Amino acid sequence: MSTRPPVQVGHEQLMALIDHTSAVIYMRDVDGHYLLVNREYERLFNLHREDIVGLTDHDLFEGPIADEFRANDLAAIARGIPLQVEEQAPGEDGLHTYVTVKFPLHDAAGHAYAICGISTDITARKRAEEEVRRLNDELELRVRQRTAELEASTRELDAFAYSVSHDLRAPLRSLEGFSQVLLEDYAEALAEEAQGYLRRIQANVGRMAQMIDDLLHLSRATRTQLHREPTDLSALAREVASELTDSGRKITWEIADGLTAPGDPHLIRLVLQNLLGNAWKFTGNAEHPVISVSVHPQSGVDVFEVRDNGAGFDMKYADKMFDPFQRLHSAGEFEGTGIGLAIVHRIITRHGGRILAEGTVGEGAAFRFSLAPAPADWELR
Amino acid sequence: MTERPILLVEDNPDDVLLTVRAFTKNRIRNEVVVAVDGEQALQRLLPDAGEPLRPALVLLDIKLPKIDGLEVLRRIRDDDRTRNLPVVVLTTSNEERDIVASYRLGANSFVRKPVVFEEFVSAVNTLGVYWLLVNEPAPSG
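For the record, the sequence lines run as chains A and B. The first sequence begins at 1 in our numbering and counts up one residue at a time. The second sequence begins at 1001 in our numbering and counts up one residue at a time.
I should point out that these hints are in silico values taken from the structure, not numbers from a laboratory. Quantities reported herein were computed from a predicted structural model and do not represent experimental measurements. Some hints could be false.
[To be verified] Interface residues of chain A toward chain B, partial, derived using beta-carbon atoms under 10 Å: (1) R127; (2) P171; (3) E176; (4) L218.
We treat Cβ as the ideally placed atom computed from N, Cα and C, and that holds for glycine.
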């Protein structure tokens, strides 16, 4: 068996070590003259180590940069222990940032005779941080701009709705009123047919007035501030149901207990008024009308359901029915202006929830909705 | 029924005609004095010189030329001579802010004019019966 000689760790070995690192390593005397640099230093500043020995940073770098290096050297010498600082040095693509550890070497008497430096390039990290900061600032600015735009458009919508509610109804009153005056004061002069036409005018004026009111309700559902609080949907649904039952028809209500959600109670009442009101309306021809309100959790999200066994609808119109003034039934069949579900949709959306409709002609309809934001991949079924 | 006039503050001539007709249909025979803007209404009620109008009831529209109805109401309530005057806001809108502002400024009632004339006639009847017949006005009013 052969034995290896003990390894001697000398100058060459140490040079090999410092030459194989991505850090920049150098040693200067207390006056700033270079004693030694590693290969990375040579590569970075395109210099040979033989040429650099004896020079100072002021021979190699611009004044302010060399001044900073020198100041850090002196600080490390003064402290006597390793010092960590950030320094900047020119690189191929502008200034690079380094994190540098500097420490003095002492002779037997304890006097510093040299200073060693190990610098690691952190430019990429710095630039990434800077980019993140810039993007953040930009995002914040954009959010502020969007918020301002949104506030402005809400204000405009508000002014528009206000003007509509004041100005658009006034001419309708004249049309309606003077038609009535004609019917009352000139009944004898007007043929039966003419009187019928006047009544048609009045009926349409009434419809127009209803549509204006509905539009205002829709805009109000958008404009009013949303105040979230724990809301008892069971109680609200029972209130609405009893109001509907007061109108005389016999309906079986199946309203589950304990339906609660954080939401705006006024707006959620409006949702239930519309959904239950629709269910009530469309079960008008059902033999044994049943309307139910229940909850079905779906992957952790509460999904509320209003279901009836009324006229139902054709599923191919399911998407259209939430658009304002969309109607799936003729006025003769079921009355309405077609704004209710648009209001419902708007309120649910403002809560961060979703809604869908399901139906079969002649068998009934179901509306399912959530009232809180769900994960992006969550789908309402 | 009191014989004092009714002040109708209304800029729309059609509405004036229909309101007067509604009074007639309800056999309310008080004289109807019309002011077509807020400035005229204030000149009638709080004139710089001459005899002020002392109506039994003011029917006040909100959206008016020159001085709007809410400002008219504020000045009526600010003045000792008209502080107790019954003022019914009779307007087209039912915007919550108008209702809140009207009551805050001391309106006695807020009535939204119905589009259907027969409903309007019935609203005017109720107003007339209440403010001209049932209600006992303030002695100084």
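Checked hints:
1. R127: violated, 53 Å
2. P171: holds, 8 Å
3. E176: holds, 5 Å
4. L218: violated, 14 Å
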